[in-house]
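Enquirer: Read off the chains here:
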Amino acid sequence: MSITIKVAGPLKQHLPPGGSIPDAATVGQAIERLALPEVGSLIMLVNGQMVHWHTELNDGDTLELIPAMCGGA
Amino acid sequence: MAVGGVWGKLLHVDLTDGRQWIEEPSDEIYLKLLGGRAMAAWLLLRDLPVGADPLGPENLLIFAPGILQGSNLPGAGRHGVAAKSPLTGAIASSEAGGWWGHEFKRTGHDALIVHGKSDKPVYLWIKDGEVEIRDAAHLWGKDTADVEWAIQGELDDKRIRVSQCGIAGENLVLYANVINDINRAAGRGGLGAVMGSKNLRAVAVRGNQNPPVATRKRVTGVSKWLGDNYKTKAASFVAIGTPGGVNNLAAASALPTHNFQDPFFPQHQSISGQLMQETILIGRDTCQACPISCKQVVEHEDQTYPDSPYMRSDFLHKLKLSKEYGGPEYESIAALGSACGVDDFIAIAKANEQTARYGLDSISLGMTIAFVMECVGRGLLTAEQTGGFLPRFGSAADMMEAVEMIAHGEGFGAQMGQGSKRLAAWIGGDAADSLVEVKGQELPMHEPRAKHALGVGYAVAPVGADHMMNMHDTGFAQPGEGLERVAEIKRFPPMAFNDLSHQKMDLFYHEVNRKHMLDSAIICHFLPYYPSHVAEVLGGLTGHDYTPQDLLDVGERAQTLCRLFNLREGFTEEDDRMPRRVMKAFKEGPLAGVEITQEMFLNARNHWYGLMGWTEAGVPTAERLQSLELTEILDGMEFVAA
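Chains as they are written, first to last, in the numbering used here: chain A, 6 to 78; chain B, 7 to 648.
No lab work stands behind these hints: they were computed from the structure.
Incorrect hints may have been included.
[Stated by the list, open to error] Cross-link-like lysine-lysine pairs, in silico, DSS-like; alpha carbons within 25 Å at most:
1) B:K237 x A:K17
2) B:K148 x B:K133
3) B:K239 x A:K17
4) A:K11 x B:K148
5) B:K133 x B:K164
6) B:K223 x B:K237
[What the hints assert, rightly or not] Here are the simulated distance ranges between beta carbons:
7) B:G393 x A:E61: 54 to 60 Å
8) B:G233 x A:P21: 42 to 48 Å
9) A:T67 x B:Q555: 41 to 47 Å
Note that this is a predicted model, so its numbers are computed, not measured.
Glycine included, every Cβ here is placed at the ideal spot set by N, Cα and C.
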């Protein structure tokens, strides 16, 4: 099984070698495997669709992680 | 006075007859309400006649810091402003950063309540215990920076801090704001119009008194924790600030585009925080005692920036940006940018500068212009109706022209200055189909389809649609600070952005109470404090101990008092609704097919009513008022309870 990982700007240094991980049943497991630093708010996309921590992953999926600001004023 | 951190003195000034008096609330008021929103809602319930005209002399304009102001805690450079809103008819309650709140607290007062109306333009000058009403005829009609510098000049003190309405407030634009320190804003709900309606142009303050503190080292201990941790825990605010949200939210269909119609803004790179850093950003600014420095300072002088691949070059780059008005934050970038289809960053930054110069809420401003642009596109507005002004989505020049017309109340600008809801009624037909507002206040720049609980929060916030006294689902979608902070009250697992279950609303209940507490204490939301940090500071200031749950009770009191006010002014659960447009699924993109049904919404909203101790009609029960220890505070006041 292979999951391709894409991360936005400040997270790029935490990309795994080759840009993929071999095994993760869910989005949450994949994120834990990456051992990302605290980002506060995270937007999770699988194959371009917004998903969540418990979403199941399939072989060949692309997981994209984007830190999201939640401030504004 | 057995409560540290406060003076025990509320300053009342009546502009009709010039009377001033000091009120000395009980210890219980301070300990139960802290200040800010909770105190303002209590004062409005007590002193504002039911049904008062928000632009009439009966309205109260309340400047309310909280217990934390004057403490030098990072994040306490902030204060609240409140009144009955001329835009919505509900309560208006906004906060602003900078230095004014700190300085005002040092004058020896805990709040300022302005009554009545002056028969000519005036400003208030508060220097420690002395209060003077001074002529402001020479300030009327001027830009906010010029007014602040003029006041500092004539009173011969550059350290005077000024809070003011701008010409938009003078012209009674219903979403005019109150500006302090030239570029900070108590933004939403038309508080600037209330100020202008009283012929009050400014409140100038200078204070030299340190509020009493019970145990200072409990406060400095938390300041030190912040100093040791802000670079990691507030990293994105340090690195780029709120504009970092533009590209990130765009990737999730969450950057509002064309009045919330479209799932993509393809030109989002052209209005991003990254572009701002590469081009016009010359520095960062901060608020009193805060090391984070999240604010943007920009400058631009008739040049193009050929090195950036995203910059369009056309005539608008001949504009000049002046640094004293500050650079745009995320809300302004999106409201004046993607919501209007505008991708020219210089134009957006210039329009943002004008909002500080004139005193206009950038969110309602941008969204009202977007609404007009949509109506023009739908053929609902004619040149005859608008005096020839027919702004189009994507036109930076039209957007900037609209800002000038609105601020000055020129021609159709006067209609636009009424906000989108009144404008829809004026246009007639099915113009209301293009509205994206709650209780008459336009939606801020966070997409409910990407943050479902936030959408419910838009419906139930006491001021109309608001993103600050609200929960951002993405902050609780994975293990991290959001969930750890609320775990001091109750532990929740990561929950999906589109989860509207009862468990999600349980989390929403605690988190939104926490936000209202921050707006009563008062602390900036961008500081990474846990409730236990706030409890430690409050204990150190007041000499009375708080638990994290005690703090959330303050937030619940603030919300409940606001609710009682709104109910008394005629609002019902029918007004706690989401705009239809942001419940319907986009057809493409990351959020394709994701909808919020009315059933999902009502199920979530009504569960939250229950958690708040409100009936199915959204009315607080006497039992909950009792358990929140509000019954005595409300004694003698007119309100609706179940």
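Enquirer: Take a look at whether the Cβ-Cβ distance between G233 (chain B) and P21 (chain A) falls inside 42 to 48 Å.
Expert: 34 Å, violated
Enquirer: Do the Cβ positions of G393 (chain B) and E61 (chain A) conform to the proposed distance bound of 54 to 60 Å?
Expert: Hint holds: Cβ distance 58 Å, inside 54 to 60 Å.
Enquirer: CA of K239 (chain B) to CA of K17 (chain A), is that 25 Å or under?
Expert: 19 Å, holds
Enquirer: Has the given pair, K133 (chain B) with K164 (chain B), been kept, meaning a C-alpha gap of at most 25 Å?
Expert: OK: K133 (chain B) and K164 (chain B) at ~13 Å, within 25 Å.
Enquirer: With the threshold set at 25 Å, check whether the alpha-carbon distance from K148 (chain B) to K133 (chain B) stays at or below it.
Expert: Distance ~23 Å between K148 (chain B) and K133 (chain B) Cα, so the pair holds.
Enquirer: For the pair supplied as a hint, K223 (chain B) and K237 (chain B), confirm whether the alpha-carbon distance does not exceed 25 Å.
Expert: 23 Å, holds
Enquirer: Is 41 to 47 Å right for how far apart the beta carbons of T67 (chain A) and Q555 (chain B) are?
Expert: Holds - the Cβ-Cβ distance for T67 (chain A) and Q555 (chain B), about 43 Å, lies within 41 to 47 Å.
Enquirer: Given the hint that K11 (chain A) pairs with K148 (chain B), test it: the Cα-Cα distance must not exceed 25 Å.
Expert: 51 Å, violated
Enquirer: Would the hint linking K237 (chain B) and K17 (chain A) be met if the CA-CA limit is 25 Å?
Expert: Holds - the C-alpha atoms of K17 (chain A) and K237 (chain B) are around 19 Å apart, at most 25 Å.
In summary, the numbered hints that this structure violates are 4, 8.
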